[in-house]
Amino acid sequence: MGSIFIKTWFLFIGLIVLIVITAIIMTRPKEDRSIPLKSTGMPITNNMIPIPAGAFMMGSDDGGPNEKPVRRVFLDAYAINQFEITQFQYGEFVKVTRHRPALSRYVKNIEQFNDRNQPAVYISWLDAEAFCGWIGARLPTEAEWEKADQGNIPASSSGNFTGGEDGSAYTAFVGSFKMDRSSYGIYDMAGNAQEWVSDWYDELYYKTAPNQNPRGPSTGDMKVLRGGSWNDSHISGRVTARMKMFPDYRDVTVGFRCAKTTR
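With the first letter of the sequence shown counted as 1, position 206 gets the number 206 in my numbering; the numbers rise by one all the way through.
These aren't lab readings, by the way, just hints derived from the structure by calculation.
One or more of the hints may lead you astray.
[What the hints assert, rightly or not] Derived pair list, reagent style SDA-like, types lysine to any residue, alpha-carbon separation capped at 25 angstroms: (1) Lys244 - Gly220; (2) Lys260 - Gly63; (3) Lys178 - Trp200; (4) Lys95 - Ser218; (5) Lys244 - Phe56; (6) Lys244 - Lys95; (7) Lys68 - Phe56; (8) Lys207 - Gly59; (9) Lys95 - Gly63; (10) Lys244 - Gly64; (11) Lys244 - Ala209; (12) Lys68 - Gly136; (13) Lys260 - Gly64; (14) Lys178 - Thr45; (15) Lys68 - Lys178; (16) Lys207 - Phe56; (17) Lys244 - Arg138; (18) Lys260 - Ala209; (19) Lys260 - Asn231; (20) Lys207 - Met57; (21) Lys178 - Pro52; (22) Lys68 - Thr262; (23) Lys244 - Pro43; (24) Lys260 - Tyr205; (25) Lys244 - Val96; (26) Lys178 - Pro43; (27) Lys207 - Ala55; (28) Lys95 - Glu129; (29) Lys244 - Ser198; (30) Lys207 - Pro217; (31) Lys68 - Gln212; (32) Lys244 - Asp202; (33) Lys95 - Thr240; (34) Lys207 - Pro43; (35) Lys68 - Tyr205; (36) Lys207 - Ile44.
Values in this document were obtained by computation on a predicted structure and should not be read as measured data.
Whenever a hint applies, use it, and build me the whole structure from the sequences.
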């Protein structure tokens with residue numbers, strides 16, 4: 001009888017210990033992958049960088065079917081933002097026009113995305129088009145975006161990609177990654193945020209596209225996204241990689257930059 005009581009007692013004590021340990025584990029704060037951002041103070045200057053008229057090789061024989069065939073494309077001169085449009089720039093647009101704000105209360109970890117010098121994300125194609133029009137510009141064409149990114153060969157440590165190894169768990173201040181820079185001096189085209197371009201998406205467009213100033217199909221269901229983001233691997237940041245999404249799509253991985261035709 002005594003041995004049964006002792007066994008029962010030990011089982012009871014063991015159960016209490018298990019409950020206490022479980023409670024400690026459940027109430028312990030989860031590890032936060034985020035790296036607190038320190039405000040940089042003044043808004044960064046986001047100039048437009050001139051891209052001279054000329055030809056370049058567009059597409060890749062080593063990529064997906066939608067990147068083929070490689071072809072020589074001639075573009076007239078244009079200019080494109082050196083950095084992705086920032087939260088500060090987009091906020092000024094919202095203040096003046098009463099357009100929908102970039103971030104929403106539904107965005108998880110919203111405080112990780114709202115510094116003035118981080119890229120404006122959670123932006124639809126429609127939002128991006130409206131902003132660019134407001135500043136007297138437009139979204140770059142897919143060809144313009146790819147030419148501006150020439151010479152940028154992404155590696156896992158060269159831009160803001162997934163995994164946190166680069167020091168940023170979410171978006172970083174624009175221009176933070178000096179190796180994510182094209183030969184024209186354009187930053188963050190491989191990582192940080194994916195970017196809308198003006199073109200409708202067509203998987204086989206390259207097979208029939210004009211070789212001078214291509215502007216994409218005249219109609220479509222989805223718009224083209226270019227570049228990788230803080231939540232993608234560096235593979236998505238290849239210069240020629242093409243993605244697609246509906247024009248009203250919003251996500252904390254998606255931003256944009258603007259372009260202008262120059263003479």
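Which of the numbered hints are not met once you compare them with the structure shown? Of the numbered hints given earlier, those the structure breaks are 2, 3, 4, 6, 9, 12, 13, 15, 19, 22, 23, 25, 33, 34, 36, listed in rising order.
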